[in-house]
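From first to last, the protein sequence lines stand for chains A and B.
Residue numbers for the first sequence follow this note's numbering, beginning at 91 and rising by one.
Residue numbers for the second sequence follow this note's numbering, beginning at 665 and rising by one.
There could be a bad hint or two in this list.
To be verified - Result set (DMTMM-like, lysine to aspartate or glutamate): computed pairs, CA atoms no more than 25 Å apart in a straight line:
#1 B:K833 to B:E911
#2 B:K833 to B:E893
#3 B:K833 to A:E346
#4 B:K684 to B:E864
#5 A:K92 to B:E789
#6 A:K92 to B:E791
#7 B:K833 to B:E864
#8 A:K258 to A:D245
#9 B:K738 to A:E295
#10 B:K772 to A:D245
#11 A:K92 to B:E783
#12 A:K92 to B:E788
#13 B:K833 to B:E669
#14 B:K671 to B:E685
Unchecked claim - If you anchor each label on the Cβ, the simulated ranges turn out as follows:
#15 A:Y125 to B:Y818: 53 to 61 Å
#16 A:N337 to B:L680: 32 to 40 Å
#17 B:R790 to A:L209: 51 to 59 Å
#18 B:G733 to A:L213: 24 to 32 Å
#19 A:Y382 to B:F677: 57 to 65 Å
#20 A:I216 to B:R904: 52 to 60 Å
#21 B:R787 to A:L209: 43 to 51 Å
#22 B:F677 to A:E374: 36 to 44 Å
I should point out that these hints are in silico values taken from the structure, not numbers from a laboratory.
Keep in mind the model is a prediction, meaning the values are calculated, not measured.
The beta-carbon is built from N, C-alpha and C at its ideal position, and this holds for glycine as well.
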Amino acid sequence: MKRLLYILSAIAVLLLLHWGVGSLLLDGPIRQGPYYYQIIILAGINIILAVSLNLTNGIAGQFSIGHAGFFAVGAYVSASVSYYGGPALRGMLAFLPMVAQDSVVLLIALAAAAVATALAGLLVGIPSLRLRGDYLAIVTLGFGEIIRVLILNIDAVGGARGFSGIPKLSNFFWVYLLAAATIVTVWNLLRSSYGRAFLAIRENEIAAQAMGIDVTRHKVLAFVISSMFAGMAGCLFGHYTMYLHTNSFTFVKSFEIIIMIAIGGLGSIEGAVLGAVLLTVLPEAFRSFDSYRMIIYSLALILIMIYRPQGILGQKSLFGRKRAGKGTGSVNGTNGSGDAPASAGARVSAGQP
Amino acid sequence: MALLELKKAMIRFGGLVAVKELDFAVQEGELFGLIGPNGAGKTTVFNLITGVYAPTSGDILFDGKPIQGQPPHKIAGAGIARTFQNIRLFTGMSVIENVMVSNHMHCKVGVFGAVFRSETWSREEREYRNEAMRLLELFQLDKLADEEATNLPYGSQRRLEIARALATKPRLLLLDEPAAGMNPQESADLMRMIRRLRDEFKVTILLVEHNMKVVMGVCERIQVLVHGEGIAVGDPAAIRKDPAVIEAYLGKE
């Protein structure tokens with residue numbers, strides 16, 4: 091009951107924001123409003139991508155660079171659903187007001203994207219997650235490129251011309267609703283037994299196995315969840331831009347998402363959000379520097395990596411208590427003080443019954 | 665019936681026979697030691713039992729059922745837990761999280777339950793935390809529960825590894841050189857703790873150890889391994905007098 095209330099109030103707040111942002115930027119007095127609106131939308135989509143990739147790369151520690159591939163699968167599958175199936179669906183729903191029709195079509199497209207990318211994740215994940223480190227990275231990179239080339243050769247989705255005529259169904263509300271859902275999902279997973287299993291695999295695979303964790307199964311699980319959200323992000327992206335081209339889904343996009351989570355702090359959800367926002371806004375903010383833009387942008391990234399190699403937020407959590415434990419009470423004298431002082435008391439009593 | 669039984673277990677790495685037709689049986693509730701000079705294949709035997717390696721030939725029976733060749737997580741699920749010679753903690757996680765990881769294989773809540781925080785999820789989460797806390801208290805680690813495992817002093821890290829292994833609720837606990845790097849006082853404490861574990865947790869313990877004081881002091885029966893072959897088995901007094909063992913350790917006169 092309480093949970094339902096939370097969800098409803100979150101949706102109400104989002105709707106209010108949606109109305110506020112829309113009327114201010116789209117129909118409002120601000121000259122460059124629509125431009126800012128688009129940046130906000132893209133930031134939201136990048137948040138979904140970064141937070142979901144963080145589950146695989148940061149939390150489960152499996153270095154995947156094929157996220158743009160799943161993003162593409164979701165975008166194209168859902169766009170086909172609404173492009174080819176949309177009119178028929180609307181015919182069946184003609185009795186509903188326009189907004190409701192839009193929502194139903196979008197939700198069906200989202201579901202299709204989620205199912206398709208989850209399956210794709212499973213298909214890629216099962217063989218490739220038996221590999222480690224560099225090998226996994228190469229396989230996922232290859233997958234992303236294969237997907238891109240495949241799409242380029244499917245005429246029904248526009249091939250090299252690009253896929254145009256996709257209905258505009260996504261907006262601030264849907265993007266940030268999914269962003270919130272992604273964050274909550276990863277956050278809750280991280281604070282559950284599954285999250286601990288993922289972290290354990292990242293920290294030490296051999297020990298994780300010895301403690302009864304089916305390592306391959308859990309890697310695939312993390313991978314599938316993460317690709318599913320990437321696919322849904324793709325759906326919202328395509329239904330916002332109304333046009334898709336494979337150029338948006340090259341491995342450069344995958345690296346961009348990796349940079350977001352590396353900048354924010356691998357494994358930290360807040361870090362992924364921060365990284366996604368920064369990497370969407372910074373290149374735009376540097377536009378006034380004209381041709382120096384990319385230089386300044388790369389310099390900013392290099393400087394962050396030199397001075398904060400663990401990312402801006404590192405592993406820290408901004409809100410709430412730690413993942414597991416009673417509180418934040420830390421113990422003095424253990425950090426770097428060597429064996430003697432901290433364990434002396436414990437050692438003496440350790441053996442007494 | 666023996667809880668763990670090795671029957672002609674053998675593993676070959678290319679031309680090297682690391683363990684050669686090894687036979688031994690550990691009875692339920694026993695404190696069993698596995699000793700031998702460096703490179704005798706003690707840790708390899710552990711790796712065979714826990715599924716890190718599959719034996720080239722031979723059988724490994726746990727509770728009468730063959731387990732050889734099964735993946736490590738299945739063997740852990742069957743009730744065998746272990747510690748490692750070179751400590752393998754989940755260093756980036758807190759002390760209590762390290763212990764709670766071991767509960768995961770018993771967890772009944774699904775992914776959806778975890779994401780939506782179902783009733784089962786919160787009940788299990790509470791249970792796991794309480795169980796982990798109890799174990800940490802037993803090992804004098806409860807005050808360090810929220811500390812990152814990597815920050816613990818060496819002795820505490822060793823204790824945490826044992827606590828983590830016990831949290832899987834094993835019937836057989838394998839300890840790989842638990843006294844490595846400990847001073848005499850610490851090893852004496854460790855010996856008391858090992859006996860107490862066996863009595864309180866009703867767990868059978870198989871340990872590999874170099875420290876003869878610990879092995880002779882705590883084990884009820886000992887298997888001696890030299891160059892991958894079992895050369896003697898018996899109680900500490902018999903092992904101490906066995907001419908083949910003396911020869912393996914000290915050489916012939």
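Taking the hints in turn, this is what the structure says about them:
1. B:K833 to B:E911: violated, 40 Å
2. B:K833 to B:E893: violated, 31 Å
3. B:K833 to A:E346: violated, 44 Å
4. B:K684 to B:E864: violated, 35 Å
5. A:K92 to B:E789: Holds - the C-alpha atoms of E789 of chain B and K92 of chain A are around 20 Å apart, at most 25 Å.
6. A:K92 to B:E791: Holds, because 23 Å separates the two Cα atoms, which is no more than 25 Å.
7. B:K833 to B:E864: holds, 12 Å
8. A:K258 to A:D245: holds, 21 Å
9. B:K738 to A:E295: The hint holds at about 15 Å.
10. B:K772 to A:D245: violated, 47 Å
11. A:K92 to B:E783: holds, 13 Å
12. A:K92 to B:E788: Since the Cα atoms of K92 of chain A and E788 of chain B sit roughly 20 Å apart, the hinted pair holds (cutoff 25 Å).
13. B:K833 to B:E669: holds, 20 Å
14. B:K671 to B:E685: Holds: K671 of chain B and E685 of chain B sit about 7 Å apart, inside 25 Å.
15. A:Y125 to B:Y818: 53 to 61 Å: holds, 58 Å
16. A:N337 to B:L680: 32 to 40 Å: Between N337 of chain A and L680 of chain B, where Cβ atoms are some 55 Å apart, the hint is violated.
17. B:R790 to A:L209: 51 to 59 Å: violated, 36 Å
18. B:G733 to A:L213: 24 to 32 Å: holds, 28 Å
19. A:Y382 to B:F677: 57 to 65 Å: holds, 58 Å
20. A:I216 to B:R904: 52 to 60 Å: Holds: the Cβ-Cβ distance is about 53 Å, inside 52 to 60 Å.
21. B:R787 to A:L209: 43 to 51 Å: Once the Cβ atoms are compared, 33 Å apart, the range 43 to 51 Å for L209 of chain A and R787 of chain B is violated.
22. B:F677 to A:E374: 36 to 44 Å: violated, 58 Å
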